[in-house]
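Asks: Using the sequences provided together with the hints, build the complete structure.
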Amino acid sequence: MFRGKRPELGHGVFLAENCAVIGDVVIGDESSVWYGTQIRGDVMPIRIGARTSIQDNTVIHVTSDFSGTTIGNDCTVGHSAIIHACTVEDFCLIGMGSIILDGAVIGRGSLVGAGALVTPGTVIPPGSLVLGSPAKVKRPINDKEREQIDYGAKHYVELARAYLADS
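Residue numbers (this note's numbering): 242 to 408.
Worth flagging that the hints you see were computed from the coordinates, not collected in a lab. Think of the CB as a built atom: it goes at the ideal place given N, C-alpha and C, for glycine as much as any other residue. Worth double-checking, as some hints may not be accurate.
[What the hints assert, rightly or not] What follows is a list of derived Cβ distance ranges for each label pair: (1) Pro375 - Leu400: 30 to 38 Å; (2) Phe307 - Ser408: 34 to 42 Å; (3) Lys379 - Arg244: 39 to 47 Å; (4) Gln279 - Ser374: 32 to 40 Å.
[As the list claims (entries may be wrong)] Result set (DSS-like, lysine-lysine): computed pairs, CA atoms no more than 30 Å apart in a straight line: (5) Lys395 - Lys379; (6) Lys385 - Lys395; (7) Lys395 - Lys377.
Replies: Laid out in structure tokens, this is it:
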């Protein structure tokens with residue numbers, strides 16, 4: 242608990258034993274938070290949708306008096322990403338080591354490539370492939386990439402179920 246706020250977890254949420262989730266955080270059904278991840282809703286709220294995977298060593302935080310962080314349903318946030326005071330809409334894949342900064346919006350069904358830096362206030366249209374530092378929209382995602390996003394979300398729901406069954 243932090244300042245009277247305790248995280249709220251949906252049904253079937255997997256939290257790895259060494260992750261930290263504090264403050265005003267809501268995590269939707271069948272989502273997973275993996276090893277070494279830090280989710281700090283200490284000064285503003287963090288909302289994570291259903292069937293979303295927050296992979297190892299990710300940091301999710303907010304900015305005081307500016308913005309909380311929202312991550313939608315059926316998203317995959319890759320290892321060691323930093324998600325800070327921004328919005329990631331439903332069905333997105335955020336690549337490993339990506340950084341998404343204050344006020345950015347990642348549109349529904351987008352793929353942010355590994356190591357991308359999405360600068361403050363950037364708005365990514367739905368269904369975009371985003372690459373680089375600073376990140377730029379390269380093109381609309383294709384069917385294979387859309388399948389990859391869908392597979393990633395479903396795979397981590399199944400993996401989390403296996404971890405929960407073994408605990």
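Asks: Hint by hint, note whether the structure agrees.
Replies: Tested hints:
1. Pro375 - Leu400: 30 to 38 Å: 32 Å, holds
2. Phe307 - Ser408: 34 to 42 Å: 37 Å, holds
3. Lys379 - Arg244: 39 to 47 Å: Because 42 Å falls inside the window, the suggested range holds.
4. Gln279 - Ser374: 32 to 40 Å: For Gln279 and Ser374 the Cβ distance comes to about 22 Å; the hint is violated.
5. Lys395 - Lys379: Holds - the C-alpha atoms of Lys379 and Lys395 are around 26 Å apart, at most 30 Å.
6. Lys385 - Lys395: 15 Å, holds
7. Lys395 - Lys377: 27 Å, holds
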